[in-house]
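Sequences listed follow chains A and B, in order. For any residue, its number in my numbering is found by taking its place in the first sequence, counting from 1, and adding 16. For any residue, its number in my numbering is found by taking its place in the second sequence, counting from 1, and adding 16.
Hint data in this document are derived by calculation from the structure and do not stem from the laboratory. Because the structure is a prediction, the values reported are computed rather than measured. Incorrect hints may appear among the rest.
Just so you know, same-sequence chains aren't split out, so a pair can sit in one copy or run between any two.
[As the list claims (entries may be wrong)] Here are the simulated PhoX-like pairs of lysine-lysine, each with C-alpha atoms no more than 20 Å apart in a straight line:
1. Lys298 x Lys233
2. Lys233 x Lys302
3. Lys189 x Lys430
4. Lys369 x Lys275
2 protein chains.
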Amino acid sequence: MRPVPPSPQRQHSTRLNRFIEDNKGRFVTHLSEMVAIPTVSADPPYPSVFTKMAEYTQNLFQTSGGTAEIIPTHGNPIVVGLFHTGRNRPTITVYNHLDVQPATEPAWVSDPFTLRIAKNRYFGRGTTDDKGPALTAFLAASFAAQEGVPVNIRFIWEMEEEIGSRNFESFVKTKRADLKSDGIVVSDTVWISARQPVISTGLRGLLCVILRLRTGKEDRHSGLTGGAARNAISELCEAVCRLHHPRTGDVLIPGFYEKVRPPTKEELADFEQCGFSVLRFKRDHKFHSLRSGTRLDLMRRIWAEPTFELHGIVGGHSGPGVKTIVPQSAEAKISMRLVPHQDPDEIFDLLKKYLRSIHPGIEIEKNAKLLPFEGVTSGPLMEMVSKAMEEGFGRIPVRVREGGSIGALPILQKYLKTNAAAVPVTFLGLSLPEHGYHAPNEHFDWQQTAGGIKAFVRFFREAAIRNWVKK
Amino acid sequence: MRPVPPSPQRQHSTRLNRFIEDNKGRFVTHLSEMVAIPTVSADPPYPSVFTKMAEYTQNLFQTSGGTAEIIPTHGNPIVVGLFHTGRNRPTITVYNHLDVQPATEPAWVSDPFTLRIAKNRYFGRGTTDDKGPALTAFLAASFAAQEGVPVNIRFIWEMEEEIGSRNFESFVKTKRADLKSDGIVVSDTVWISARQPVISTGLRGLLCVILRLRTGKEDRHSGLTGGAARNAISELCEAVCRLHHPRTGDVLIPGFYEKVRPPTKEELADFEQCGFSVLRFKRDHKFHSLRSGTRLDLMRRIWAEPTFELHGIVGGHSGPGVKTIVPQSAEAKISMRLVPHQDPDEIFDLLKKYLRSIHPGIEIEKNAKLLPFEGVTSGPLMEMVSKAMEEGFGRIPVRVREGGSIGALPILQKYLKTNAAAVPVTFLGLSLPEHGYHAPNEHFDWQQTAGGIKAFVRFFREAAIRNWVKK
Numbered sequence: 017m018r019p020v021p022p023s024p025q026r027q028h029s030t031r032l033n034r035f036i037e038d039n040k041g042r043f044v045t046h047l048s049e050m051v052a053i054p055t056v057s058a059d060p061p062y063p064s065v066f067t068k069m070a071e072y073t074q075n076l077f078q079t080s081g082g083t084a085e086i087i088p089t090h091g092n093p094i095v096v097g098l099f100h101t102g103r104n105r106p107t108i109t110v111y112n113h114l115d116v117q118p119a120t121e122p123a124w125v126s127d128p129f130t131l132r133i134a135k136n137r138y139f140g141r142g143t144t145d146d147k148g149p150a151l152t153a154f155l156a157a158s159f160a161a162q163e164g165v166p167v168n169i170r171f172i173w174e175m176e177e178e179i180g181s182r183n184f185e186s187f188v189k190t191k192r193a194d195l196k197s198d199g200i201v202v203s204d205t206v207w208i209s210a211r212q213p214v215i216s217t218g219l220r221g222l223l224c225v226i227l228r229l230r231t232g233k234e235d236r237h238s239g240l241t242g243g244a245a246r247n248a249i250s251e252l253c254e255a256v257c258r259l260h261h262p263r264t265g266d267v268l269i270p271g272f273y274e275k276v277r278p279p280t281k282e283e284l285a286d287f288e289q290c291g292f293s294v295l296r297f298k299r300d301h302k303f304h305s306l307r308s309g310t311r312l313d314l315m316r317r318i319w320a321e322p323t324f325e326l327h328g329i330v331g332g333h334s335g336p337g338v339k340t341i342v343p344q345s346a347e348a349k350i351s352m353r354l355v356p357h358q359d360p361d362e363i364f365d366l367l368k369k370y371l372r373s374i375h376p377g378i379e380i381e382k383n384a385k386l387l388p389f390e391g392v393t394s395g396p397l398m399e400m401v402s403k404a405m406e407e408g409f410g411r412i413p414v415r416v417r418e419g420g421s422i423g424a425l426p427i428l429q430k431y432l433k434t435n436a437a438a439v440p441v442t443f444l445g446l447s448l449p450e451h452g453y454h455a456p457n458e459h460f461d462w463q464q465t466a467g468g469i470k471a472f473v474r475f476f477r478e479a480a481i482r483n484w485v486k487k
Numbered sequence: 017m018r019p020v021p022p023s024p025q026r027q028h029s030t031r032l033n034r035f036i037e038d039n040k041g042r043f044v045t046h047l048s049e050m051v052a053i054p055t056v057s058a059d060p061p062y063p064s065v066f067t068k069m070a071e072y073t074q075n076l077f078q079t080s081g082g083t084a085e086i087i088p089t090h091g092n093p094i095v096v097g098l099f100h101t102g103r104n105r106p107t108i109t110v111y112n113h114l115d116v117q118p119a120t121e122p123a124w125v126s127d128p129f130t131l132r133i134a135k136n137r138y139f140g141r142g143t144t145d146d147k148g149p150a151l152t153a154f155l156a157a158s159f160a161a162q163e164g165v166p167v168n169i170r171f172i173w174e175m176e177e178e179i180g181s182r183n184f185e186s187f188v189k190t191k192r193a194d195l196k197s198d199g200i201v202v203s204d205t206v207w208i209s210a211r212q213p214v215i216s217t218g219l220r221g222l223l224c225v226i227l228r229l230r231t232g233k234e235d236r237h238s239g240l241t242g243g244a245a246r247n248a249i250s251e252l253c254e255a256v257c258r259l260h261h262p263r264t265g266d267v268l269i270p271g272f273y274e275k276v277r278p279p280t281k282e283e284l285a286d287f288e289q290c291g292f293s294v295l296r297f298k299r300d301h302k303f304h305s306l307r308s309g310t311r312l313d314l315m316r317r318i319w320a321e322p323t324f325e326l327h328g329i330v331g332g333h334s335g336p337g338v339k340t341i342v343p344q345s346a347e348a349k350i351s352m353r354l355v356p357h358q359d360p361d362e363i364f365d366l367l368k369k370y371l372r373s374i375h376p377g378i379e380i381e382k383n384a385k386l387l388p389f390e391g392v393t394s395g396p397l398m399e400m401v402s403k404a405m406e407e408g409f410g411r412i413p414v415r416v417r418e419g420g421s422i423g424a425l426p427i428l429q430k431y432l433k434t435n436a437a438a439v440p441v442t443f444l445g446l447s448l449p450e451h452g453y454h455a456p457n458e459h460f461d462w463q464q465t466a467g468g469i470k471a472f473v474r475f476f477r478e479a480a481i482r483n484w485v486k487k
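Between the sequences and the hints, there should be enough to build the whole structure, so can you do that?
This is the structure:
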């Protein structure tokens with residue numbers, strides 16, 4: 017009896033498993049080299065760091081059967097990579113960003129820009145946000161192209177995501193014709209837990225402001241002038257405490273909540289079923305305690321409600337010990353997460369007006385803004401990504417909102433249309449809460465990489481098979 | 017007719033003027049070398065910096081006809097220098113400190129530890145506080161010794177003044193027998209203006225505390241956790257705003273003012289006549305505005321009332337731009353200037369108790385404490401220093417209190433007794449408000465040096481002539 021040859025599906029599966037196994041070393045090498053390029057967009061260590069990254073990733077595409085173009089902007093360049101398999105095939109655009117958060121926290125146990133590998137975990141700034149997921153999607157696309165999956169896969173790798181994607185709109189406007197897509201998939205979101213993948217249906221927006229107060233030209237001796245001199249830090253702290261309630265988080269700016277719509281019954285039902293656990297949330301993020309103990313209230317707080325966050329106060333003395341000066345200038349770094357229907361510009365005006373009534377001496381700078389985002393909640397793209405995640409990780413993802421912000425998405429949604437309809441945008445996130453987005457000792461891991469490659473390959477195959485695009 | 021030979025007084029005066037002229041270069045060289053040893057006691061750049069300074073100054077005495085001993089302590093060493101002219105002569109002890117404040121302010125226009133000379137002004141950390149005045153007194157003493165003025169002059173040069181003189185008491189206790197003095201003069205205070213020398217009659221005390229709050233293990237992403245996560249910086253700001261009123265400076269800790277005695281009528285009369293000018297105070301310290309516009313109220317605030325000062329808040333993100341994390345740990349650096357009869361330990365207990373009622377999660381550390389100090393207001397020492405200042409600067413000094421703190425003084429007063437009476441302590445300060453105690457671009461100048469040498473020489477001569485010591 018001659019053995020039955022394995023099915024094409026089975027053969028594909030075997031090849032994919034071998035590809036993943038064979039490419040582990042390659043993944044680690046690339047991730048290590050990309051982490052070593054410290055693309056801190058808020059505070060780059062040298063100006064050419066972004067060019068270096070752009071050239072590195074362009075080379076990545078060019079040596080893997082793809083092509084890539086470096087698009088200059090008024091800020092950092094954007095890399096557009098492409099695996100083109102043929103005309104009249106659906107085109108999927110994958111969005112990632114390759115800039116990273118600063119990594120100055122003393123809690124880092126190893127150099128943030130030297131990849132440290134421990135038990136299949138990869139530590140370094142940007143590993144999970146968003147270089148690791150970018151590389152994962154890239155490897156999946158190179159495999160799909162190699163397999164001849166009939167889909168075109170484009171990558172947009174931005175390097176200003178962490179500073180508000182300020183030049184993204186002009187890039188999309190200019191390149192609009194070259195960027196036509198039938199679907200956009202974003203890989204820059206976080207699961208509820210290591211056991212519960214999610215598909216995000218919306219994102220919060222963001223308004224970053226800096227408040228500044230100067231009461232004199234320079235800090236002075238508190239013995240010689242203390243009592244008479246104004247204290248810029250104290251006065252700024254007071255103002256910030258009048259803008260929001262530090263314990264509850266309630267925002268005290270008149271009109272701030274006016275346009276906020278509470279989650280619908282359907283959304284709340286999704287929240288209830290999503291598997292969010294208060295204990296796990298606390299553990300994953302290493303919190304000692306939270307502002308609320310109620311499960312639904314916590315989900316509402318992180319996904320569906322706006323926030324006011326004080327990130328840091330600059331001024332006076334922050335070195336070791338106590339330096340007895342009266343600080344004469346102070347700066348408060350603040351951001352507000354905004355929910356759909358809140359407009360960052362309107363909120364800025366409300367804040368500015370209220371601040372003037374509290375303390376007219378404080379100056380305010382609009383540092384960055386991102387619109388809130390509402391993604392698809394149903395339709396073919398949602399089904400494709402759901403299948404993909406199930407294949408990659410053996411679990412059906414749940415639909416929830418995401419508390420973070422990705423400035424590029426409302427822009428992509430606005431400009432990239434197919435037949436006058438907005439291009440659908442969905443999310444295939446690979447990061448886990450414990451990976452530490454924006455935190456010290458940020459890491460990614462091999463399990464999410466391997467599962468992520470499988471999920472993305474399935475997503476690309478679904479796109480090719482379904483051919484959902486209305487011509 | 018033969019010319020009348022000049023009087024011995026006139027000859028002394030001529031020699032002194034020549035000495036001052038001849039020693040300008042030497043002064044600058046020594047000051048430059050001492051500034052280049054960065055004796056930042058709160059944050060030394062390397063451990064041996066204090067030993068280096070001790071050896072440098074020991075050599076200074078030994079090559080100028082004096083002797084010097086380096087006394088080790090549990091912290092930084094103390095240098096005791098001596099110009100001994102004979103037994104049964106009065107002994108004056110001059111107190112200075114050679115440690116300096118940190119110099120991390122971005123406003124420095126040149127390296128703080130490289131002396132920059134511009135128009136007879138000497139810029140660098142420690143130039144006016146207190147290396148310049150120390151060197152001035154030293155040069156005067158070396159001249160007096162060279163002239164054979166019958167007085168013994170001892171110097172105590174401490175290197176922990178800026179961190180609360182924590183090892184000074186054990187030094188004085190141990191060396192008590194060798195430190196016997198008939199009068200102590202301190203050169204570490206500031207005039208009211210460049211035209212108005214002062215003699216301080218009291219100092220404020222100091223209590224430095226650090227408040228710490230930790231709400232989680234590490235800072236987390238404000239998109240993923242914002243709304244649910246507590247914000248350690250905001251909560252700490254709120255607590256600080258409940259401990260004092262940021263605009264008026266009023267301290268809100270129950271019992272804080274209980275032991276404060278208002279200035280006497282005589283003191284207020286001295287204040288009124290001292291030549292303090294609101295405009296000049298603002299200009300000298302480069303303030304845009306002050307907490308009060310009333311002259312007497314301002315003097316009361318800086319000399320006779322306690323304060324609560326927030327020096328800086330550590331935590332979260334203080335680099336460029338806005339980093340959207342929820343800070344999970346925060347530290348507030350605080351000090352309180354205390355007036356005579358307030359006890360730092362009692363105040364600490366009041367603060368701790370009240371803080372517990374406001375926010376039990378906040379931890380408090382007593383970082384440093386200095387007792388308030390009441391100096392002599394009349395008597396031979398006061399007359400001597402008055403004469404000395406008049407000789408040095410051509411102006412009669414006024415008696416006022418000083419808002420700063422010098423931890424060593426209550427200790428010297430406590431342990432160094434003559435015939436069971438406390439040794440009298442007075443002040444011969446040389447610094448000007450515009451020199452910038454603890455401020456960026458701190459400087460000293462040649463005019464204060466030259467006048468200071470004259471004043472100190474006169475002081476030493478007065479001590480020899482008056483021989484006021486009761487045997």
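**Asked** What are the numbers of the hints the structure violates, in ascending order?
**Response** The structure breaks none of the hints.
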